[in-house]
Amino acid sequence: MCAQEVFKVGYSLEERCAALSLISPMLEELNIEHHEVIAQLRQDRPDLEFPQLYLEMFQLTEEEQRDLKSTNYDPSDDNR
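Just so you know, we're using the numbering used here here: the sequence shown kicks off at 1 and counts up by one.
No lab work stands behind these hints, which were simulated from the structure alone.
The reader is advised that the hints may include incorrect statements.
Listed next, with one range per pair, are the computed distances between beta-carbon atoms [as the list claims (entries may be wrong)]:
1) Pro25 / Leu48: 23 to 33 Å
2) Glu14 / Leu48: 38 to 48 Å
3) Leu53 / Gly10: 32 to 42 Å
4) Gln40 / Ala18: 30 to 40 Å
5) Leu22 / Glu49: 35 to 45 Å
6) Leu48 / Leu20: 40 to 50 Å
7) Leu55 / Tyr11: 33 to 43 Å
By construction, the Cβ of each residue, glycine as well, lies at the ideal position given by its N, Cα and C atoms.
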């Protein structure tokens, strides 16, 4: 069952929960791969800036955020 099918009207809460449980491991693996790609990208291109919204949306770990902050200029730091 694809993710779109999960949200169709007519499925019970239990059916939706079961379907989401089936795709949860795949989503977790994609999340891990995403973090690995970002780590490699940061290593290869330390000049790239990541917007705050990106950091919030993908909930980077505190260590990842510190790494980004150390390579990116943040104008709000000037006010401290």
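Going down the list of hints, with the structure as the test:
1. Pro25 / Leu48: 23 to 33 Å: The hint (23 to 33 Å, Cβ to Cβ) holds, given that Pro25 and Leu48 are roughly 30 Å apart.
2. Glu14 / Leu48: 38 to 48 Å: holds, 44 Å
3. Leu53 / Gly10: 32 to 42 Å: holds, 35 Å
4. Gln40 / Ala18: 30 to 40 Å: With Cβ atoms ~35 Å apart, the hint holds.
5. Leu22 / Glu49: 35 to 45 Å: holds, 37 Å
6. Leu48 / Leu20: 40 to 50 Å: 33 Å Cβ-Cβ, so the 40 to 50 Å window is violated.
7. Leu55 / Tyr11: 33 to 43 Å: holds, 34 Å
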